[in-house]
Each structure stands twice: as C-alpha cells, then as structure tokens.
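These protein sequence lines map, in sequence, to chains X and F.
The numbering of the first sequence is the working numbering, which starts it at 1 and goes up by one.
The numbering of the second sequence is the working numbering, which starts it at 1 and goes up by one.
What the hints contain is simulated information worked out from the structure, not anything from laboratory work.
Check the hints yourself; a few may be wrong.
Straight-line C-alpha distance at most 25 Å; calculated BS3-like pairs for lysine-lysine [claimed, not checked]:
| hint | chain 1 | residue 1 | chain 2 | residue 2 |
| --- | --- | --- | --- | --- |
| 1 | X | Lys395 | F | Lys277 |
| 2 | F | Lys80 | X | Lys325 |
| 3 | X | Lys251 | X | Lys504 |
| 4 | X | Lys281 | X | Lys251 |
| 5 | F | Lys277 | F | Lys262 |
| 6 | X | Lys152 | X | Lys8 |
| 7 | F | Lys198 | F | Lys220 |
| 8 | F | Lys80 | F | Lys262 |
| 9 | X | Lys152 | F | Lys13 |
Note that the structure is a prediction, hence the values are computed from the model and not measured.
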Amino acid sequence: MTMHLIPKPLLFHSNDWDFDTIRRIYDACERIALGELGLDVYPNQIETITAEQMLDAYSSSGMPLFYKHWSFGKHFAHHEAVYRRGFGDLAYEIVINSNPCISYIMEENSATMQTLVIAHAAFGHNHFFKNNYLFKQWTDADGILDYLDFAKNYISECEERYGHLAVERLLDAAHALNSQAVHRYPRRTKPDLRSEERRAEERRRHDEQMYNDLWRTVPKSDKPRSGVSDEERRRALLQLPQENVLYFLEKTAPKLAPWQREVLRIVRNVAQYFYPQRQTKVMNEGCATFVHYKIMSRLHEQGMLDDGSYFEFLKSHTNVTFQPKYDDPRYGGLNPYAIGFAMMCDIERICAEPTEEDRQWFPDIAGSGDGMAVLRDVWANYRDESFLLQFLSPKLMREWRMFHVVDDPERPELRVDAIHDDRGYRRMRRALARQYDVAWTDPDIQVVDVDLAGDRRLILHHNVVNRLLLEADDANRVLQHLADLWGYDVLLKEIDTATGMVLKEHRASAQPLGR
Amino acid sequence: MHIVDRRLNPGGKSLGNRQRFLRRAQSLVRRAVRDQSRDRSIKDMGEGGEVSIPIDGVREPSLRRSGQGGLREHVLPGNKHFTEGDTIPRPQGGGGGGGSEGSEDGGGEDDFRFVLSQDEFLDLFLEDLELPDLAKTRVEDLENPAWRRAGYSTSGSPANLSLTRTMRNSLSRRIALNRPRTEEMQELEEEIARLEAKGDEPERVKVLQLRLEDLQRRRKLIPFIDPLDLRYRQFAPYPKPVAQAVMICLMDVSGSMTEHMKDLAKRFYALLYIFLKRRYRHVELVFIRHTHTAEEVDEQTFFHSTETGGTVVSTALVEMLRVLNERYRPEDWNIYAAQASDGDNAPNDNERTVSLLQDQILPLTQYFAYLEVKPEDEPLSLGLTSRASDLWRAYEAMDDAGPRFAMRQVRHRRDIFPVFRELFRRRGQGAGAERVGAP
Numbered sequence: 001m002t003m004h005l006i007p008k009p010l011l012f013h014s015n016d017w018d019f020d021t022i023r024r025i026y027d028a029c030e031r032i033a034l035g036e037l038g039l040d041v042y043p044n045q046i047e048t049i050t051a052e053q054m055l056d057a058y059s060s061s062g063m064p065l066f067y068k069h070w071s072f073g074k075h076f077a078h079h080e081a082v083y084r085r086g087f088g089d090l091a092y093e094i095v096i097n098s099n100p101c102i103s104y105i106m107e108e109n110s111a112t113m114q115t116l117v118i119a120h121a122a123f124g125h126n127h128f129f130k131n132n133y134l135f136k137q138w139t140d141a142d143g144i145l146d147y148l149d150f151a152k153n154y155i156s157e158c159e160e161r162y163g164h165l166a167v168e169r170l171l172d173a174a175h176a177l178n179s180q181a182v183h184r185y186p187r188r189t190k191p192d193l194r195s196e197e198r199r200a201e202e203r204r205r206h207d208e209q210m211y212n213d214l215w216r217t218v219p220k221s222d223k224p225r226s227g228v229s230d231e232e233r234r235r236a237l238l239q240l241p242q243e244n245v246l247y248f249l250e251k252t253a254p255k256l257a258p259w260q261r262e263v264l265r266i267v268r269n270v271a272q273y274f275y276p277q278r279q280t281k282v283m284n285e286g287c288a289t290f291v292h293y294k295i296m297s298r299l300h301e302q303g304m305l306d307d308g309s310y311f312e313f314l315k316s317h318t319n320v321t322f323q324p325k326y327d328d329p330r331y332g333g334l335n336p337y338a339i340g341f342a343m344m345c346d347i348e349r350i351c352a353e354p355t356e357e358d359r360q361w362f363p364d365i366a367g368s369g370d371g372m373a374v375l376r377d378v379w380a381n382y383r384d385e386s387f388l389l390q391f392l393s394p395k396l397m398r399e400w401r402m403f404h405v406v407d408d409p410e411r412p413e414l415r416v417d418a419i420h421d422d423r424g425y426r427r428m429r430r431a432l433a434r435q436y437d438v439a440w441t442d443p444d445i446q447v448v449d450v451d452l453a454g455d456r457r458l459i460l461h462h463n464v465v466n467r468l469l470l471e472a473d474d475a476n477r478v479l480q481h482l483a484d485l486w487g488y489d490v491l492l493k494e495i496d497t498a499t500g501m502v503l504k505e506h507r508a509s510a511q512p513l514g515r
Numbered sequence: 001m002h003i004v005d006r007r008l009n010p011g012g013k014s015l016g017n018r019q020r021f022l023r024r025a026q027s028l029v030r031r032a033v034r035d036q037s038r039d040r041s042i043k044d045m046g047e048g049g050e051v052s053i054p055i056d057g058v059r060e061p062s063l064r065r066s067g068q069g070g071l072r073e074h075v076l077p078g079n080k081h082f083t084e085g086d087t088i089p090r091p092q093g094g095g096g097g098g099g100s101e102g103s104e105d106g107g108g109e110d111d112f113r114f115v116l117s118q119d120e121f122l123d124l125f126l127e128d129l130e131l132p133d134l135a136k137t138r139v140e141d142l143e144n145p146a147w148r149r150a151g152y153s154t155s156g157s158p159a160n161l162s163l164t165r166t167m168r169n170s171l172s173r174r175i176a177l178n179r180p181r182t183e184e185m186q187e188l189e190e191e192i193a194r195l196e197a198k199g200d201e202p203e204r205v206k207v208l209q210l211r212l213e214d215l216q217r218r219r220k221l222i223p224f225i226d227p228l229d230l231r232y233r234q235f236a237p238y239p240k241p242v243a244q245a246v247m248i249c250l251m252d253v254s255g256s257m258t259e260h261m262k263d264l265a266k267r268f269y270a271l272l273y274i275f276l277k278r279r280y281r282h283v284e285l286v287f288i289r290h291t292h293t294a295e296e297v298d299e300q301t302f303f304h305s306t307e308t309g310g311t312v313v314s315t316a317l318v319e320m321l322r323v324l325n326e327r328y329r330p331e332d333w334n335i336y337a338a339q340a341s342d343g344d345n346a347p348n349d350n351e352r353t354v355s356l357l358q359d360q361i362l363p364l365t366q367y368f369a370y371l372e373v374k375p376e377d378e379p380l381s382l383g384l385t386s387r388a389s390d391l392w393r394a395y396e397a398m399d400d401a402g403p404r405f406a407m408r409q410v411r412h413r414r415d416i417f418p419v420f421r422e423l424f425r426r427r428g429q430g431a432g433a434e435r436v437g438a439p
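Same shape as in the complex, but just chain X (with noise of 0.2 Å):
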C-alpha cells in the first residue's frame, strides 16, 4: 500500500476555480471513475450558469429548452419566493439524460462543490441514465434535446395560429392527465406492410389447405354470437382496455383538430420520458451519492483534496444522506439518497466481508470480493422497487430500526404489524419495496369502453385498492378536462378491486374546447 503515499498535487489550493480547475478535477475524477469504479458513461458537457439561469431551469423540469406554459411560470415564481426568503437551497447541480450528458454547476459553489458535483453528476448520474435497463428502454437520450425543441417551436407556433387561449386551455387538460400518459408496459410494434401482407398470404394458404365443402353445411347459429363478437371487435379496435388516456384521446378523439392532436402527443412523450426517473429515485440517486463518495474519498486518500476541503466535502455529504426518525419534526418519509446510499454501501460491505446472515440471505453475491461489479449489475437490472426488495438487508433494518405501520380505518388504533426482527424481515421488506412500485402507488386508471354507436360516452374505471380512493374535488377537475378533450360526456367509475362494487362515480360533460 506504499502506492498511496506517492503525493499526488493537490487538485486545488483555495476554494475559487476557473476553468483549467475545473478540467483538472474533471481528469481526475474520470480517472477514477472510469479507471477505478469500471463505469460507463455518456459523453460529458458542463455548462457553468448563475444562480439565476438555476431557477430558470427548475421550473422547466430541469431541461435546458421547454415549451412555455403558465404552469412554469407558478412554479418559478414559487421556488423563487423560497430562495429569496433564504428557506430553501438551490440544488447544486442539475443533470440531464441526454447523449452528451449536460450537467448545470453553479458559479457560487466552491472548488470543493464542483469537484462534488462532477462526481455526482457527471460520472454518478450519467452512468445510471446510461446503463438502467429503464432508461435504455424508453428514453432516447439522444434525441431529446432536439425533441424539446421541435416541442417548444410547435407550441409557441400554435399559439400564434390557434390563439394563447386555446393553447393554454389545451396543455392545461393534457398536463391534468400526465400522469395517465405513459406507457407502462412496451406495445407491441406496429407490424409493416411487408410482413402483413405476408401473414394475410400464410393465412389464406391456411384456409385453402383446410377448405372442405362440408363446412358450408353445417347450420350456423349467427345471432347470438354476432352481439359479443361485435362489442370485442370494438374495443380492440380501440386497443381497449387502455391506461395511456392520452394515447388514447390523440388517436381517438372524435373533435380534436390535428395540431391538438400533436400537442397531446408532445405531452405524452413529455411524461414518457420522465417515467423512469420516477421509478429509480432511489437507485439514481444512490447511485451518484455512491460515485462521488468513492470518487472524493480516492483523491483524499491520494492526496489531490487536502483536509479541509475533504471535511467540507463530508458536510454537505451528510447532510443529504441525513435521515431523520419518524418522530423528529424533520421527518418527511424516508429519503432517497439516504437509503440508496447506505444499501448500496452495505451491498459492498457483503461483497467483501459477509456474515453468516448474510450468506444466508444472499447466497450469491456474499463474500464474491468484487463489490463494484455487483453494483454495476445492480445499477444496470434493477428499479427502486425490485431493487428494495431483493437488496435491504436484516442488518440495515436493524440499523435503521425500521417498523412497519398499517393504518386500517376500520380499527380505532393503528397497528405495528412487522418490526426489524426475524419474523418481521421479510413482511417489511416487501411492504417497503411497494411503496416505492410506482404501479402500486399511482391510481390505477383505464379507458375501458365507449359507445360510439350511442352518445359517445367515455367510460373510465378506477381499479380501487385498498379502499384508497381519488381526491374527489381534483378528480372532477381533470375529469372536466378529460371530457373537454373528448367532446362529450365522460364517466368515470371507481371499482373495489376486492368485491366488484362500484364506490363513486365522477361524470363531466364536454364544455367546447377554446379555439
């Protein structure tokens, strides 16, 4: 270990950076996290912006480009009012999934915060979006940017033709059911001419092969059957039952113009691509707080930050991993940096220095020595829920001393139903794990008929679990929405997922959509 005591230079003296700062740490950091940590990145871009050009971005979710809506404009106006009280801090970076990876720093953070924040971003974050299976699947980090801006050109074009109003009435109700616009699952692709021509061919080779003149004497009961089949057809005409209520008005709306159309489409693939960030808090998060721990303790240990820069490192480092107990006025459900950080460290731990609980539990990666291909693997395969569920383990929910609480209305007192004990392990483990299914969590909700040969009404269930129904006064806002959007009458019916039953019914008749 004689290695380490060759003195590297230290990467900086004072806290001011300039730019060949910036680029050395930027060399440094790649060489470990490239060299050391074996992780695979998009190229990098960091663009230095003002504290500012930070709020700017927030409140277009983070992108460099979006469209403009009064939305954005709320939400700005909010972060500021907090920044400008002094309550809440500016992030310190921000990063975007796209192919090169662009990272936003600020000009107020130290040397020390850059060099944090490129660990963090550049190389944490960036190899997450490259490699997690979700992102791969169904972002394309290439083509974003140039996505946003074909969106952003589109929409202001439309409010020059079509009017503010129309436009702002239109994202209002697409943007009230974002979070019905994803795909959760991959369709199946759209066949090409070729191949159905070639199936329709197979299909009649079939029919002639197993032509018999007898068949046309078989007496046929065509009444009974027609209704059904009729009704079947129908629906999977429309590709019924569908949870992508967007997708669903976009092709099948009976009122909407076509530019509307693009616009719900935008919206649509706006939410898609977010998707999987919603469903990887935990890992992108862990992930990059993993990187740059790894990364900052290596150029400490080589020599590159000295003490207190190291020690100012450790501050800021603690304080987003700092989690709270469920009776500290702090407490705000558990936090995804923590938790993503400290499982991620204890995978690591078990990798190279199992116990015999843990060889128990994880019999295949206990003592395998090399933790950072387990993490690799990890970071690739898994999302937050299948992630929790099949990585925390006994020891830190012995550590974090975590219960598990159920609240059933029915009982006049909540029970503790599992604690961080054998029985309990497993119970917490999967109850943990769901909270963070984003399928689980966000309502269940699906266009399952209309009757276009009758008044064209729209008819939604909500698959009701656990008795959890929706927040009545903004159902029926969106609901609104959802029938301007439609052109006619809409209905939505909550069903008891357990006994059938419908619970509450939510209607809402078109109102014309502004033009």
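With chain X fixed as given, assemble chain F onto it according to the hints.
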C-alpha cells in the same frame, strides 16, 4: 468533455412563463395587490413585493389518491420501543407521519406566495385607472407636429441624401452593367507600357490599346453615380402627444389644517404622482401653499412648515396661473392640479375663487381634483349639505364644471385609495360623448 460557460447567456428564460402565469392569475393577483396596498404606506407604494393568492385559482389538478380513508401502510425508521402487534393511538388530523406526499407547492395550504417586481406591482395596482383626456384635445390643435422617418424617396434636399442607399443602388447598377474597374484598366495600361518599352510585339499593343479605349468609353457611359441611384430620406409629420406633465399641488396651510389633514393630502399627492409617472415620460411637481397669501415653495416647506393667517383660496389660484404663464405653457404641458383644504375660505372670496377656477383654470388643465380633508374623529354627518364647508358649497354650485373637475371628501387614511380609484376609474365610451361640449 466540454465546459460551456452559460453565465453570460441572457437570463429571464422563463419570463414568458411568468407572463403567462400572471395573465392566468390576473384577477387573483389584482385583488391581492389591492388588499396589500391598503396596508402600505405611500412611500412603499411603488415598490414590488411578496403577494399571496389563493392556491385554488392556480391549481393544477391531477388524478391522485385522497389523503383520507382506506388502508394505508407505512414503513418508518427509528423504532424505539415498538414490538410486533403493538397498537398506536391514531394521531389526530393526518394519516401519521409517513405516506402523505404533500403538495409540490411547498405550503400546499390555501395560499400561494410569490414575489412581484416593482413594475408588475404598479401595473396591476394602477391597471384600469385612466387619466381623464390623456392629452387628446391637445393633440388635435398642435401647432408644430413632430417628424418621423417615412422611408425613402427619389427626390429631396441634399441634406437628406441617404448615402448608404444611394451607394447600394450605384454598386448594384455598376455590377449589373459591368462597368470596367479601375484595377482592370490600370493593369491594361501597365501591360501596354511594358510591351511598348520592349517594342517587339506592336500587333499586340494595338489590340490592347483598342481594348483600353473601349473600356474608357464604357466607363464614361456608365457613371459611378447616376442620378438614378439617388435616394433621399423622407420624413412625415405626425401629431406628437405631449409627453410631459406638471402636477400642481395646492394646499391650505393655515392654522386650521392639522397634521392629520396634511398627511391625508400628502398621501393623495403621492398616489397622483406615482400615477402620473407611469403615464408621462416627464412629470414636474409644483407646490403652492396658501393662507391669505400664496407662494410657491419646495416640498419640504410645503408639508412641514406652518404658517398663520386667514384663508383666501383665490390667492393660490392666482399664483398657479402665474406659474403656468411663466413656465408651463398649456401647449407643451399636460396640467394636473390637486387642491387640498379643510374647506375654510373667507366668505367674500368664494365668488372670485369659483370664477377663477371656472373661467381661467379649468380650460387650461387636464384635471382638477379638489380633496377636502376632514378630521378623523368627526362623525360621518347625516345631512352632508348642512354641514358642508364654504368652499365645498361654492364648488358644488359651480355649474358646467364638466368632467375635468372632481371633488371628494376624505377622513381617514384608508379612504385615500378608494377615493383615488374612484376619481381615475376608467370610464366607459359614454365619457367621450360627454366631453364634446367642453372647450
């Protein structure tokens, strides 16, 4: 790796979003601004500031689960003494610590707070207020209108010759007609000189000389600048609205005016000043105080030094006319006057005051506001007329005062803004017709 410095990029990228947000929440923000301005001191009136509007008006609804009812599960850190099967009394007013997502707007309560800039605040604050006859009558009979650029013409005075246009035309014409260039001819001449000096190719010299002559001829035919090329800047007259205003503050400073009354008057003047500032590029203030004599003073003296003496209002009007005659010709200035008084006047002066006002001052001014300030504790009189002051009655009796004159009574600080709004409320189309009769 690239490092890009974006710090110098133009900021305010979300300005468009902000404008859309303010437009969206316009009525709410306007109400918030009005409410707030009631509590503000006049000095801060022009500042921006934090306002809060009900969150309901700018809600972004979504389909989400309600915070109440249903079976909920929480996994919490920091267990101290619970074991499996323990029960915990249900905490009041909430579903326990965890689970609740809260609203993304932080507070998530009834109010949405944000900061308005000074301009935004004033715009909303003074919105639907309007100056009576914003310089309209003056525009029509303006003697020397302003000039502004109105394109180019082919004729004009040499002073207005547009060199760039002319040269552009000349250049394109020269290129189009292929005018021989100077360099070309020089080259040719040098070549001829060289060959002549050598003297062994007379044939070629002859050819070249012919060519040179041809070029010289064409250069004469195609001039460098042709009269066709000439372009002159053209100007057109347009009626220029008078963009400056003078605001004349008249105040009775006799002993009967208390500090409270002066404070009321000051607040009114301040509002008027802010308002005029928004509408005119240049606003001047004139302070005229009076007892039984009147003089023009500076602001400090106007508000703070006390005088003793009787009260003769007409002196102030005479002084005002003098100032106007000397410095503010009505052709060049929009004239606004605001008079504050407790209503006392020497009885024999009323007639003269009214006639001065009606015959001489009102035709000159855009607007004359009379503000009668009253002590705060005086109860609201039932029969206003019986208790009305001398001056009030005199002004009231003035027939044909027209829309340029307005009078109001103010007792309390909180009345100032409503009275001000009332005086300058944007009037409907009917007001225009009313104005026809006025000079």
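Are Lys152 (chain X) and Lys8 (chain X) close enough, with their CA atoms no more than 25 Å apart?
-> Not OK: Lys152 (chain X) and Lys8 (chain X) at ~48 Å, beyond 25 Å, violated.
Do the alpha carbons of Lys395 (chain X) and Lys277 (chain F) lie within 25 Å of each other, as the hint requires?
-> The hint is violated at about 70 Å.
Regarding the pair Lys80 (chain F) and Lys325 (chain X), is the alpha-carbon distance no greater than 25 Å?
-> Judged against 25 Å, a Cα distance of about 10 Å means the pair holds.
Hey, Lys277 (chain F) versus Lys262 (chain F), does the alpha-carbon distance stay inside 25 Å?
-> 22 Å, holds
25 Å limit on alpha-carbon distance, applied to hinted pair Lys152 (chain X) and Lys13 (chain F) = With Cα atoms ~13 Å apart, Lys152 (chain X) and Lys13 (chain F) stay inside 25 Å; holds.
Please work out if Lys198 (chain F) and Lys220 (chain F) have their alpha carbons no farther apart than 25 Å.
-> Violated, at roughly 31 Å.
Proposed proximity, Lys504 (chain X) with Lys251 (chain X) (alpha carbon, max 25 Å) = 28 Å, violated
When you check the alpha-carbon spacing of Lys281 (chain X) and Lys251 (chain X), does it fall within 25 Å?
-> Violated, at roughly 31 Å.
Between Lys80 (chain F) and Lys262 (chain F), is the straight-line Cα distance small enough, at 25 Å or below?
-> The given pair, whose Cα atoms are some 68 Å apart, is violated under the 25 Å limit.
In this structure, the earlier hints numbered 1, 3, 4, 6, 7 and 8 are contradicted, and the remaining ones agree with it.
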